[in-house]
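Visitor: One letter stands for each residue in the lines below.
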Amino acid sequence: MNAVYVQNVSLSYGDQSILSKVTCAVEKGEFFAVIGPNGAGKTTLLRLMAGLMVPTAGTLRIMEKPLKSYNRKDFARRVAVVPQEVPFDLPFKVGETVLLGRSPHLGLWEMENSRDWDLAREAMRTMDVSHLAARRLSQLSGGERQRVFIARAICQKPDLLLLDEPTASLDPAHQVKIMDLMARLCKEQGITVVMVSHELNLVAMYADRLLLLNRGNQAGLGVPKNVLTRELLEKCYGCGIIVEENPLGQVPLVLPVPEKFKASQ
Amino acid sequence: MKYLWVSFIRSLLLIIMSTDFSHIYKKILLTVLVLGLLLILAAGLGLGIGPAGSMWVRLWEMIIYKSAADPMDKAIIWQIRMPRVVLAAVAGGTLALGGLVFQALLRNPLAEPYILGISGGSAVGAILGMFAGLSVFPGVSLTAFLGSMITMVLVLGLARGKSPLSKHSLILGGVMMNAFFGAMIMFLISLSQDAQLRNILFWLMGDLSMISTEHLPVLLSVLPCMAGIFLLARPMNLLLLGRDTASSMGVNVTLVILILLILTSLMVSVVVSQSGLIGFVGLAVPHVFRLILGPDHRLLIPSCLLGGAAFLILCDLAARTLPREGEMPVGVITALIGAPLFIFLLWRSRA
Chain A
0 MNAVYVQNVS LSYGDQSILS KVTCAVEKGE FFAVIGPNGA GKTTLLRLMA
50 GLMVPTAGTL RIMEKPLKSY NRKDFARRVA VVPQEVPFDL PFKVGETVLL
100 GRSPHLGLWE MENSRDWDLA REAMRTMDVS HLAARRLSQL SGGERQRVFI
150 ARAICQKPDL LLLDEPTASL DPAHQVKIMD LMARLCKEQG ITVVMVSHEL
200 NLVAMYADRL LLLNRGNQAG LGVPKNVLTR ELLEKCYGCG IIVEENPLGQ
250 VPLVLPVPEK FKASQ
Chain B
0 MKYLWVSFIR SLLLIIMSTD FSHIYKKILL TVLVLGLLLI LAAGLGLGIG
50 PAGSMWVRLW EMIIYKSAAD PMDKAIIWQI RMPRVVLAAV AGGTLALGGL
100 VFQALLRNPL AEPYILGISG GSAVGAILGM FAGLSVFPGV SLTAFLGSMI
150 TMVLVLGLAR GKSPLSKHSL ILGGVMMNAF FGAMIMFLIS LSQDAQLRNI
200 LFWLMGDLSM ISTEHLPVLL SVLPCMAGIF LLARPMNLLL LGRDTASSMG
250 VNVTLVILIL LILTSLMVSV VVSQSGLIGF VGLAVPHVFR LILGPDHRLL
300 IPSCLLGGAA FLILCDLAAR TLPREGEMPV GVITALIGAP LFIFLLWRSR
350 A
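Chains as they are written, first to last, in numbering that gives the first Met the number 0: chain A, 0 to 264; chain B, 0 to 350.
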């Protein structure tokens, strides 16, 4: 079963094309990453999948159903989104924030019951933020705050989790931690993860498949080994790139080549 | 009668103490109980004290024993003080709730109907309506509503965009709106000899003394607005996370914002056309409750309503009793409390 099905999807403002004819299908339980240079349309594609924008052309189906056939709340029960920028000055406590994830499952004035609290606690355990439950969001570090917002999304009990650069501005330890947790979500809970990322080496190690976008066009799609090739990456990113084998395993390791090393190439 | 009360309070306490009762319900009930008592206390003070002297004992006698008191006292309490206390309560609750809504929607702790110029816009609308000879309700309330909506569109238009400047241009725009509307009010009132229009001070600093018992039913129209805002408490919580996140959590963001803006501006304009411009209530009250109760709007909305009502009754009491002679506009008291708070909040938000 396809969690996400995108066929010939395009988006344009006037005569300015943001995305053109993107086609990919993400299977249920897959860890899928969207990569590409700045301005390639990665975030736009994610927002389209999240139903926050409507494509100008093409077919987009989530869980085998067209987006239009969902009402807002039904959709929110199946798809959770973690945006790139989360507000940092929120007055909420961590526990309250995670519990907000239950909102799509509750009526306008229905109160959270003990089951909702259980789910929130479970989500906090999954993302390893239980010990922060009583802290205020404004007191957390970037990595902690990011994990809290992912826990909020997990608490929504989605089938599909969309994340926009969840590891941006985190140190390597926290990056690996978040990626480990995402991989576990896929394997243990069968949640489909679609992630936009600039961390080529991280997604090479974790993602099942990659979609490479360049200036709104689809430049590559497949397992990391087939997408992260020197030829393709140099064309898209416009800089010198070396691809070696990652000493950790059968995945590529990508290095951009700085100016001063160019002569030795 | 006494037993009824005792059993009522006991059953309430039982509900609150019972374990299978949702945590947040308990919190809401408890705050409503405490603030309700505060409001009753404030209303008692407002009815009991005034330039004609304290009437505690007689008020007590009238309520408890239903005794036929001195008709003079009765008239002072029920014809003069009561409408005023009711208007203060409604205006206080409305303005505090209005501030809360704007602060949530604009994610700006300084936003408030008066500071944004929206109260000013409805005052000009109300005066124009009176000029045109419209009835108090729905005529003048409607022109006041139009005035506030136009102002809202202008001010929010100024604040569009994501730059940090937009946060301040919102407040700056409101300040300029206020300056303009203040001038408009003085201009319009100066043109007229009509006593119906009331005086300049009434409009600019707020005055609760002009209300009469026959105009009280007009105030009822704020109740459906408050109920509507109360229903949208959870979407307001989610909106704090940002529009995209709220939308991806099942909130129809555009619709919710539109409804909230219309309801708020509707109730604010009803209040402004009866009480003039009372500033800073919407700044002080939500801020205090947010400090005590946290950011959950399911708690904040009822607290702002009750707390704002009690707050303005007490401010009006001070405005009536502090001056040696006559009284001062209630807006003087609220500005004396609220303006320093505004400056403090601005100072704290530098970082």
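Just to be clear, a hint being listed does not mean it is correct.
Claimed, not checked - Dumping the calculated DSS-like pairs for lysine-lysine here, alpha-carbon to alpha-carbon at most 25 angstroms: (1) A/Lys186 x A/Lys224; (2) A/Lys92 x B/Lys26; (3) A/Lys176 x A/Lys224; (4) A/Lys72 x A/Lys176; (5) A/Lys234 x A/Lys27; (6) A/Lys92 x B/Lys25.
Worth flagging that the hints you see were computed from the coordinates, not collected in a lab.
Visitor: Now, for every hint given, state plainly whether the structure supports it.
Guide: These are the hints, each one checked on the structure:
1. A/Lys186 x A/Lys224: holds, 21 angstroms
2. A/Lys92 x B/Lys26: holds, 16 angstroms
3. A/Lys176 x A/Lys224: Given that 25 angstroms is the threshold and the Cα spacing comes to 23 angstroms, the pair holds.
4. A/Lys72 x A/Lys176: Since the Cα atoms of A/Lys72 and A/Lys176 sit roughly 31 angstroms apart, the hinted pair is violated (cutoff 25 angstroms).
5. A/Lys234 x A/Lys27: At roughly 31 angstroms apart (the allowed maximum being 25 angstroms), A/Lys27 and A/Lys234 break the hint.
6. A/Lys92 x B/Lys25: This hinted pair holds, its Cα atoms lying about 19 angstroms apart.
In the structure shown, a violation is registered for the earlier hints numbered 4, 5, in ascending order.
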